[in-house]
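Numbering of the first sequence is given in the numbering used here, commencing with residue 4 and proceeding in unit increments.
No lab work stands behind these hints, which were simulated from the structure alone. Cβ coordinates follow ideal geometry from the N, Cα and C atoms, glycine included. Hints may contain errors.
Ranges of calculated distance between the beta carbons of each label pair, as one might list FRET restraints [stated by the list, open to error]:
| no. | residue 1 | residue 2 | range |
| --- | --- | --- | --- |
| 1 | A212 | A285 | 45 to 53 angstroms |
| 2 | D35 | A164 | 23 to 31 angstroms |
| 3 | V158 | R127 | 33 to 41 angstroms |
| 4 | R226 | P41 | 32 to 40 angstroms |
| 5 | R272 | G137 | 41 to 49 angstroms |
| 6 | G260 | R204 | 21 to 29 angstroms |
| 7 | R141 | A170 | 42 to 50 angstroms |
| 8 | G137 | V158 | 51 to 59 angstroms |
| 9 | A164 | R32 | 41 to 49 angstroms |
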Amino acid sequence: MPELPEVETVRRGLAPFMVGARIRRVEARRADLRFPLPRDFAARLQGARIEALDRRGKYLVAPLSAGESLVMHLGMSGRFTVDGGDRPDGRYYAAGADPRHDHVVFELDGPAGPARVVYNDPRRFGLMDLVPSGGLDRCRHFAGMGPEPLSDAFVAETFNAALKARAAPIKAALLDQRIVAGIGNIYACEALHRAGVSPRRAARSVAGARGMRLWSALRAVLREAIEAGGSSLRDFAASDGALGYFQHRFRVYDREGAACPVCRAPVRRIVQSGRSTFYCGACQR
DNA sequence: AGCCTGCCCTGCGAGC
DNA sequence: TGCTCGCAGGGCAGGC
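Just need the whole structure built from these sequences, with the hints factored in.
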């Protein structure tokens, strides 16, 4: 799924169509995503105005005029596509996705004219929810979620202190959204490589100089990935169909056996918490 | 509490 | 060619 940079790319792609738009109609074709859609999902959305489109970690959040916010998560395989806008052919993005997996359709009267925003998700690990806008921080999705890594709320000393309290491997700690929001398997691996920190090391032993390097590396890799439009693996594309190109800049992720760009030693793959970790055993300590 | 495993679901590529 | 297996960007519940 999309991790923070991919979700941010999706947010930027959708915002011109969604922000300020009136929701004319919602078609919930399948209610069984990761969780069932909330009751009266379509009815609660119809007629509302979308005030903004924000991101929190890997979630998209759209505050509505009706006092609720639409909370969306793309899971592993979720994607949005948009029809409409000002393209001569009237089709801003021709979805390459299998229409059998178009689960939710939003028909909008937007600033750029009518638009149709379609949520497609083959694996259905994504979710949509409606929560009161006044209590977003307390809703089940965001309560306890760690700071946004690219905001001022992500403080190196606090990050170090959180690592100090953890015995688990640092890789697992980075995937824990309570410590820092938005990091997934790709950017955990990439940040650890940039910081020269072994993914196998206990988080508490990273606190200190390594922790500071990791803090910087996380911010750097996320910024660069957003600038590149995210990483396009398998099925990820921005809502305009453009492919991100950060995958060409991976130093270790999905590069088992290839040469480490720093020291030329072969990149290793191990399994931690049931997920692949890629790293260089020579320059990550 | 922290930590780990299994599981939700579909699709795709590798290997036979 | 057609099959089976393993694996995939996430996060939750349930076990210890």
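Hint check results:
In this structure, A212 and A285 break the distance hint of 45 to 53 angstroms, their C-beta atoms being roughly 19 angstroms apart. In this structure, D35 and A164 break the distance hint of 23 to 31 angstroms, their C-beta atoms being roughly 40 angstroms apart. Distance hint for V158 and R127: a CB-CB separation of about 37 angstroms, consistent with the stated range 33 to 41 angstroms. Separated by about 34 angstroms at the C-beta atoms, R226 and P41 satisfy the suggested range of 32 to 40 angstroms.
Checked against the hint of 41 to 49 angstroms, the C-beta distance between R272 and G137 comes to roughly 45 angstroms, which is consistent with it. The hinted window of 21 to 29 angstroms between G260 and R204 holds, with their beta carbons roughly 23 angstroms apart. Distance hint check for R141 and A170: the Cβ-Cβ separation is about 29 angstroms, which falls outside the suggested range of 42 to 50 angstroms. The hinted range of 51 to 59 angstroms is not satisfied by G137 and V158, whose Cβ atoms lie roughly 26 angstroms apart.
For A164 and R32, the Cβ-Cβ distance of about 46 angstroms falls inside the hinted range of 41 to 49 angstroms, so the restraint holds.
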